[in-house]
Amino acid sequence: MRAIAFREDRCKGCLLCMTVCPKQIIIVSNRFNKAGYKVVEVLEKNVDKCTSCAACALVCPDNAIILGPRKRRKKGEVADAREA
Amino acid sequence: MTQNKAVYSLPSVLADVPMHYCPGCQHGLAHRLVAECLEELGVAEKAICIGSIGCSVFIYNYLLVDTVEAPHGRAPAVATGVKRARPDNVVFTYQGDGDLASIGLAEILHCANRGERVTIVFVNNTVYGMTGGQMAPTTLLGQRTTTCPEGRCKEHEGQAIKMCEIVAGLGGTAYAARVALDTVKNVKQAKKAVHKAFEVQLEKKGLGFVEILSTCPTNWKMTPVQANKRISEEMIPYFPLGVFKDVTSAEDKG
Ligand SMILES: Cc1ncc(C[n+]2csc(CCOP(=O)(O)OP(=O)(O)O)c2C)c(N)n1
Ligand code: SF4
Ligand code: SF4
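Going down the list, the protein sequences come from chains C and P.
For the first sequence, the positions run 1 to 84 when this note's numbering is used.
For the second sequence, the positions run 1 to 254 when this note's numbering is used.
Just so you know, not all the hints are guaranteed correct.
Stated by the list, open to error - Below 27 Å or equal to it, Euclidean Cα-Cα: the simulated DSSO-like pairs (lysine-lysine) are: (1) C/K49 <-> C/K38; (2) C/K38 <-> C/K23; (3) P/K205 <-> C/K23; (4) C/K49 <-> P/K185.
What the hints assert, rightly or not - Pulled from the structure, derived: some chain P residues nowhere near chain C, Cβ distances all over 12 Å: (5) G24; (6) G28; (7) G81; (8) E203; (9) P224.
As the list claims (entries may be wrong) - So the derived label-pair ranges between C-beta atoms look like this: (10) C/K38 <-> P/G151: 27 to 37 Å; (11) C/K23 <-> P/Y238: 26 to 36 Å; (12) P/P87 <-> C/G36: 42 to 52 Å; (13) P/T147 <-> C/N30: 19 to 29 Å; (14) C/K45 <-> P/E150: 21 to 31 Å.
No lab work stands behind these hints: they were computed from the structure.
Just so you know, even glycine gets a beta-carbon here, dropped at the ideal spot from N, CA and C.
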């Protein structure tokens, strides 16, 4: 399970999650979802920095964020992207 | 693979569907807090929601509980009837500031004064959201809206109404708190307050009231991030956060 994943169909690109992430790893992607919102993302290389603190999920008004277990994965163990 | 236990999961009483709210609108967050509290208190099965008129009018699509849609402002009166007819159910209203503090001012005051065993979730976003951002009783002085384009003026329109303080002053109110949704810390506080507002109903102490300071980026003509900042910069200085009444803590002390 990926430490953090976004349900892109739910994201409205409000960027509130970006403002609360202590690791500052949430960024605006260059993708638009079906509803026309520019969604956010965490680059693959930064996923491991996520501690699953849940700050982003707590403030997301649209329940677009899925978090994995709080435990840090071992180095080299790559989580599946997207599928949560 | 490690045990995949998510640190964060959505309450099952919250429908897993996209919500119609504007980007950054915190109605969705307020819905989730209510859903989490219902679930944690184990009362989701017997909860009855009294919906109101405003952007949250479709709340029955999002909270999987029985719902009665009340006419504009009348949710506390409808809640009174529902609770008296079904005292074993957990009854709550979900209302905006146009709904509760303007057209429905009489209903909320008398409901609180009578001490009905209901919970009131009051979302204050300082405007009439659904109808296009007209001035509400809670609009701040100087705030521009479509019906006060020069900014709310004290001489003509008076100051913003502080509902939480007024409701706290009524005899039947068991708990009244004002919270905000702008920071992680405040969201956590907000959830505690919603929890407590339901607990006083369950303990038959009286009315539970939570005023939630919330954004309406669309009608404030701000980005969601700017709107969120406005809560701490403009709203909280005028609408202080805190618990204004808690009869259970008084009992503890006494
Ligand atoms: C009796 C009646 N009068 C007026 C209206 C029009 N109306 C619909 S929503 C609304 C204001 C809602 O504002 P608020 O309660 O602040 O909720 P928000 O949309 O901001 O969440 C009004 C005046 C109505 N539906 N019924
Ligand atoms: S808070 Fe939610 S809706 Fe807003 S940008 Fe982040 S994931 Fe998207
Ligand atoms: S108009 Fe305002 S209150 Fe209504 S959904 Fe949009 S942001 Fe939310």
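Checked hints:
no.: 1; hint: C/K49 <-> C/K38; verdict: holds, 23 Å
no.: 2; hint: C/K38 <-> C/K23; verdict: holds, 21 Å
no.: 3; hint: P/K205 <-> C/K23; verdict: violated, 44 Å
no.: 4; hint: C/K49 <-> P/K185; verdict: holds, 22 Å
no.: 5; hint: G24; verdict: violated, 3 Å
no.: 6; hint: G28; verdict: violated, 4 Å
no.: 7; hint: G81; verdict: holds, 32 Å
no.: 8; hint: E203; verdict: holds, 28 Å
no.: 9; hint: P224; verdict: violated, 4 Å
no.: 10; hint: C/K38 <-> P/G151: 27 to 37 Å; verdict: holds, 32 Å
no.: 11; hint: C/K23 <-> P/Y238: 26 to 36 Å; verdict: holds, 34 Å
no.: 12; hint: P/P87 <-> C/G36: 42 to 52 Å; verdict: holds, 47 Å
no.: 13; hint: P/T147 <-> C/N30: 19 to 29 Å; verdict: violated, 40 Å
no.: 14; hint: C/K45 <-> P/E150: 21 to 31 Å; verdict: violated, 51 Å
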